[in-house]
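Visitor: All chains, full assembly: derive it from the sequences and hints.
For the sequence shown, the residue numbers in my numbering are 259 to 359.
Be a bit skeptical, because a hint or two may be false.
To be verified - Computed Cβ-Cβ distance ranges for the label pairs, DEER-style:
hint: 1; residue 1: Gln335; residue 2: Gln271; range: 25 to 33 Å
hint: 2; residue 1: Ala311; residue 2: Asp274; range: 29 to 37 Å
hint: 3; residue 1: Asp274; residue 2: Pro334; range: 16 to 24 Å
hint: 4; residue 1: Pro289; residue 2: Ala354; range: 46 to 54 Å
hint: 5; residue 1: Lys296; residue 2: Asn353; range: 40 to 48 Å
hint: 6; residue 1: Asn353; residue 2: Phe284; range: 30 to 38 Å
Think of the hints as simulated: they come from the structure by calculation, not from any bench.
Glycine included, every Cβ here is placed at the ideal spot set by N, Cα and C.
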Amino acid sequence: MRSYLSGDSSSRQFADNLLQLGNGSFTSLDPDGAVSLKNIGRIVKTEEELLQAVFPNLLDFFQDHVWLCQRAILAPQNQTVNIINKRLLSQIPGNAQIYRS
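Guide: Here you go:
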């Protein structure tokens, strides 16, 4: 997504690697055929490091919808997504508003 929106070459490479991995065509550099995560993207050690890498200077840009649309964190479970969303929203000043459709 970010690759599509921004044309960033490292983001494009990441998107291409994910697509190849999903299609089963990713070329492994390991002799045993294992896929090293180092070959796919950036590895972070903590949730905070992940949030800072994806949403640097959140307080400066949280009202910029273009900036927000260029960022995403993918998670395997909705529960994890909800935890990450709550953590990010807690950093933004003001009251939360829920709009139901």
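Visitor: Checking against the hints above, which ones are violated?
Guide: 2 and 6
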